[in-house]
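Visitor: One letter stands for each residue in the lines below.
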Amino acid sequence: MDPIFNEAAIKIQNSSLLEYKEKGGRVIGYVCSHVPEEVIAAADMLPFRLRGIEIKSTAIGDSYFGPFLCSCPKALLQNAGEGRFSFLDGAIMVQACDSMRRLDECWRKAGKDFPGSLPDFFHYFAVPHKVTDYSVQFFAEEIEKLAKAIEGHFKVSITEQKLDEAIETYNTTRDLLVQLEALRHRDSPPLTGSEAMAIVLAGTAMPKSDYNKLLEATIEDLKKQRAKTHAGKPRILLAGSVVDDLTLIDAIEAEGAVVVADTVCFGARAYAGHVEKGGSRWETLARRYLNEQFCPRMFGYSNERYELILQKFKDSKADGIVFQNIRFCDLHGSENGLFNKRLDKAGIPNTRIEREYGELADEGRVRMRINAFLETLGRGKSAA
Amino acid sequence: MRQELTEYDFIWSVNNLLSTAAKTAKGTPKEYKALLKRIPHFSDLIDSMIGLGEPGVVFLESFAEYTDMILTAKAQGKKTCFTTFCQSPVILHAMGVVPLVLEVLTVAGTLIRKSAIGEFMDYCLEAGFTETSCSSQRGSMGAYLAGLAEKPDFVLIDTPGICDTNANSFAFAAAHFDIPFYQLNYPPTIDDERAIEYHRKDFKHMISFLEEQTGKKLNVERLREIMLEMQRQDEMVCELQDLQRLIPNPVPGIYNLFIYAIRFTLAGLPACTRMIEVMLKKAKENAKANRAGTSSGKEEKRALFVYIDHYSANLPLFNFLDQHNISHLGGILDRYYQDDAFYKGSTSYKTETQTLDAMIDSLARQNAHLPMVKQIRGPYDSPEMWLEEIKRLAEMLNPDMTIYSGTPGCRNTWGMVKLLVNDLEKTGYPTHIINSDAFDDRVESWEATAHRLQEFLDLRGFN
Chain A
0 MDPIFNEAAI
10 KIQNSSLLEY
20 KEKGGRVIGY
30 VCSHVPEEVI
40 AAADMLPFRL
50 RGIEIKSTAI
60 GDSYFGPFLC
70 SCPKALLQNA
80 GEGRFSFLDG
90 AIMVQACDSM
100 RRLDECWRKA
110 GKDFPGSLPD
120 FFHYFAVPHK
130 VTDYSVQFFA
140 EEIEKLAKAI
150 EGHFKVSITE
160 QKLDEAIETY
170 NTTRDLLVQL
180 EALRHRDSPP
190 LTGSEAMAIV
200 LAGTAMPKSD
210 YNKLLEATIE
220 DLKKQRAKTH
230 AGKPRILLAG
240 SVVDDLTLID
250 AIEAEGAVVV
260 ADTVCFGARA
270 YAGHVEKGGS
280 RWETLARRYL
290 NEQFCPRMFG
300 YSNERYELIL
310 QKFKDSKADG
320 IVFQNIRFCD
330 LHGSENGLFN
340 KRLDKAGIPN
350 TRIEREYGEL
360 ADEGRVRMRI
370 NAFLETLGRG
380 KSAA
Chain B
0 MRQELTEYDF
10 IWSVNNLLST
20 AAKTAKGTPK
30 EYKALLKRIP
40 HFSDLIDSMI
50 GLGEPGVVFL
60 ESFAEYTDMI
70 LTAKAQGKKT
80 CFTTFCQSPV
90 ILHAMGVVPL
100 VLEVLTVAGT
110 LIRKSAIGEF
120 MDYCLEAGFT
130 ETSCSSQRGS
140 MGAYLAGLAE
150 KPDFVLIDTP
160 GICDTNANSF
170 AFAAAHFDIP
180 FYQLNYPPTI
190 DDERAIEYHR
200 KDFKHMISFL
210 EEQTGKKLNV
220 ERLREIMLEM
230 QRQDEMVCEL
240 QDLQRLIPNP
250 VPGIYNLFIY
260 AIRFTLAGLP
270 ACTRMIEVML
280 KKAKENAKAN
290 RAGTSSGKEE
300 KRALFVYIDH
310 YSANLPLFNF
320 LDQHNISHLG
330 GILDRYYQDD
340 AFYKGSTSYK
350 TETQTLDAMI
360 DSLARQNAHL
370 PMVKQIRGPY
380 DSPEMWLEEI
390 KRLAEMLNPD
400 MTIYSGTPGC
410 RNTWGMVKLL
420 VNDLEKTGYP
430 THIINSDAFD
440 DRVESWEATA
450 HRLQEFLDLR
460 GFN
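Chains as they are written, first to last, in numbering that gives the first Met the number 0: chain A, 0 to 383; chain B, 0 to 462.
Please keep in mind that the hints were generated in silico from the structure rather than gathered at the bench.
Here the structure is a predicted model, which means the values were calculated and not measured.
Where a beta carbon is used, it is the ideal one built from N, C-alpha and C, also for glycine.
Certain hints may be false.
[To be verified] Far from chain A, some chain B residues (derived; all Cβ distances over 12 Å): (1) Thr27; (2) Arg193; (3) Lys280; (4) Ala288; (5) Phe461.
[To be verified] List of simulated lysine to aspartate or glutamate pairs, EDC-like, C-alpha gap at most 20 Å: (6) A:Lys108 with B:Glu284; (7) A:Lys147 with B:Asp191; (8) A:Lys276 with A:Asp163; (9) B:Lys417 with A:Asp61; (10) B:Lys200 with A:Glu140; (11) A:Lys144 with B:Glu192; (12) A:Lys147 with A:Asp88; (13) A:Lys55 with A:Glu362; (14) B:Lys343 with B:Asp121; (15) A:Lys144 with B:Asp177; (16) A:Lys111 with B:Asp380; (17) B:Lys203 with A:Asp61; (18) A:Lys144 with B:Asp190; (19) B:Lys425 with A:Asp112; (20) A:Lys344 with A:Glu358; (21) A:Lys340 with B:Glu192; (22) A:Lys147 with B:Asp380; (23) A:Lys20 with A:Asp209; (24) B:Lys203 with B:Asp190; (25) A:Lys144 with B:Glu196.
Start from the sequences and build out the full structure, keeping to the hints where you can.
Guide: Structure, rendered in structure tokens:
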């Protein structure tokens, strides 16, 4: 596996990004799976998914946000204040969930206290909470508005041809990541969940043209691999709140399991579905990105998300499901509760864990919970 | 859950207590005093309500009427739906649907069932819900989830895009009960053409949903009748709120709670009209006599609540303000943006009843201006959002202080309240954040909350 995957997964200012910047490339950060990266790519810029990794405290975040908030946007603000996002030429704020939507105001205010931390281009992007003909239409207009804002600010032109090229490139990435996931479904997965997540994360933090080539080569290598390294380990499907660092998956795998699939933000949501070709580009993008299965912020679609989890569970031949939610993420926390009860009735082993965002301040507790869960499967380290 | 809490239907308990309490006013003073001794848990509350005179009694009667509607809905062939405090019930009444407004029912629970509502909140966790979710729904929702009230037929809300924890509670309930769910969804702007068109389409879609659920077509004449009644109510609410600008403010603080409790359950119905009439009458009498709405008739300070109030048993926040001769100038829950509202700024709604399309547009526009739906849908410092509204209200109401009270579950306001407070302080308004849970005094006891509030008053020189 190319070392850039791991580097990009654990370091915000990774070498691929820095190289891109050195060549004069421009970067726009974004905070949610509902942002159509193709629009940014069609403006010849790099869409970069913002993460809160590498921080040692949330002191800056805590100064602007209130106390009863998810630690994810606080960690993002911390990174902004500490200058780790200094390479950004722009950022797109989204009313993704109530914690994340307020990053808009908090970052703007922090920008005054930490000069240089706020990119010049700072755009608020609205995403409807339902899928209907008129909400898709609204969202398509919102995407077009975003494109116009980028064009106006950066004096660039987002043409249909550029959009088509970007759609093609991003669809290729999705196809490749689906192939990667299929490899994880093998009886003997050729890579760990942590390695797989590193590959997926890298895709959000480096140019796609380079990434696709590396990913294709990696998949070819993995296809040839026949070692039974992870055969026989308890197989876990990971679901729930955003996971953008490797430590949670590392903690699960350190207890003797292997994570074979997920439905989390940054994970499988990054490559679910295709953007159709032809027609109004704004509408085809809107149809792919206004996906009710992405996140419980899309209210009233829990059955659809439950079905997705069941399908993933079946396809990946998982032994159990680990539901996790970041504290104060009620959207995932309560849906995890619903699914937990339904799956219990269906006889599918699963567990619920609440945690903090980031590099696992409470690793010991999480590992103990995982260990106990694996024991119930009769497959854990201590059960062996 | 304690056995004693599972023996009676939750709504029946509320109804029984409030309707009985309303009748006590008809007894002789001797009978009344004797009765209070026999209901030690509720005597303070009932005494406070009866002590308010006609408005207190009418409130008890009105709320009893509302809960009676819930209890008799099925027998009358009506559907019931879970809905939220910032959704106008007008369309529901017109369709013959009884709204189960969870937040208002939670407040009723905190008032009459000391400590019990906490157990209902906790029951939600047993059903899989998160403890960090907003307590305003968890209280009464817990009673429903535990089977202590009759299961609703469907869910209809208007908080997606406004408040995740609110919308999420209702989505959870719909999934738990496996009943139909409809959401009115709001974009982050309020008055541009795209937002208006979205509101309109969404509202029409909602009417189709209601027709499907009830099996009846919308009765246009009935809707018009209810809207005209609501228009009358709106005019009186505007008049009442206009009086709050007087110094001293002649409107008793508790009326703010009465206005929204009645507005979100009975708007468009005669019981709501009667309630507003008696409040307006009393406030006008106070104004004529140059009396404040406090029990003493004096006003020493004026407080503008920028969000909601605090609803522990016996309504201690309102008593605290009253004892300190502090006029309550209203909060977010009392702002509806009628065209006659003194605070309306650049956006408002008018009640139009000429045609069905005009009625639908008018209702969609009204709904888009209701509490929270208007103020916290976009960045707090965008035009017509929270900050601009509070500054405008403050200029017009002359508060000495502004106060934020909410719940830890309110992710949306806690995400920006520090910024808001800084801005208000810079503008010259001393501002206090109440850190407790407005619906659950197990999070912070009222005594601790009162201590901090007193400290704020002392430190800022208000005593």
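Visitor: Compare the structure with each hint and give your call.
Guide: Okay, the hints, checked on the actual structure:
At the 12 Å boundary, the C-beta of Thr27 of chain B stays outside the reach of chain A, the nearest C-beta of that chain being 50 Å off. Consistency note on Arg193 of chain B: stated as away from chain A, yet its beta-carbon is not over 12 Å from all of that chain's, at 6 Å minimum. Against chain A, the non-interface label of Lys280 of chain B holds: every CB pair exceeds 12 Å, the least being about 41 Å. With a least beta-carbon separation of about 42 Å from chain A, Ala288 of chain B lies farther than 12 Å from that chain, consistent with its non-interface assignment.
At roughly 24 Å from the closest C-beta of chain A, the C-beta of Phe461 of chain B stays outside 12 Å, upholding its exclusion from the interface. Between the alpha carbons of Lys108 of chain A and Glu284 of chain B the distance comes to roughly 47 Å, so the proposed pair goes past 20 Å and is violated. Among the hinted pairs, Lys147 of chain A with Asp191 of chain B is consistent with the structure: their alpha-carbon atoms are about 18 Å apart, no more than 20 Å. For the suggested pair Lys276 of chain A and Asp163 of chain A, the alpha carbons sit about 8 Å apart, so the restraint of at most 20 Å is met.
A distance of roughly 10 Å separates the Cα atoms of Lys417 of chain B and Asp61 of chain A; the hinted pair therefore holds under the 20 Å criterion. Between Lys200 of chain B and Glu140 of chain A, the direct Cα distance comes to roughly 16 Å. Compliance with the 20 Å bound is thereby established for this hinted pair. Among the hinted pairs, Lys144 of chain A with Glu192 of chain B is consistent with the structure: their alpha-carbon atoms are about 14 Å apart, no more than 20 Å. For the hint linking Lys147 of chain A to Asp88 of chain A, the alpha-carbon distance of about 16 Å falls within 20 Å, and the restraint holds.
Between Lys55 of chain A and Glu362 of chain A the alpha-carbon distance is near 15 Å, which keeps this suggested pair within the 20 Å criterion. Of the supplied pair hints, the one linking Lys343 of chain B and Asp121 of chain B is violated, its CA atoms being roughly 40 Å apart against a limit of 20 Å. At roughly 38 Å between alpha-carbon atoms, Lys144 of chain A and Asp177 of chain B are farther apart than 20 Å, so this suggested pair is violated. With a C-alpha separation of about 15 Å, the suggested pair Lys111 of chain A and Asp380 of chain B falls inside the 20 Å cut-off, and the hint holds.
Taking the CA atoms of Lys203 of chain B and Asp61 of chain A, the gap is about 42 Å. The hint is violated against a cut of 20 Å. With a C-alpha separation of about 17 Å, the suggested pairing of Lys144 of chain A with Asp190 of chain B holds against the 20 Å cut-off. Taking the CA atoms of Lys425 of chain B and Asp112 of chain A, the gap is near 16 Å; set against the 20 Å cutoff, the hint holds. As the CA atoms of Lys344 of chain A and Glu358 of chain A are separated by approximately 33 Å, the hinted pair breaks the 20 Å bound.
A distance of roughly 44 Å separates the Cα atoms of Lys340 of chain A and Glu192 of chain B; the hinted pair therefore is violated under the 20 Å criterion. Distance hint between Lys147 of chain A and Asp380 of chain B is unfulfilled; the C-alpha atoms sit about 23 Å from each other, more than 20 Å. Distance hint between Lys20 of chain A and Asp209 of chain A is fulfilled; the C-alpha atoms sit about 14 Å from each other, no more than 20 Å. For the hint linking Lys203 of chain B to Asp190 of chain B, the alpha-carbon distance of about 18 Å falls within 20 Å, and the restraint holds.
Proposed proximity of Lys144 of chain A and Glu196 of chain B is supported: the alpha carbons are some 17 Å apart, at most 20 Å.
Comparing the model with each numbered hint stated earlier shows that hints 2, 6, 14, 15, 17, 20, 21, 22 do not hold.
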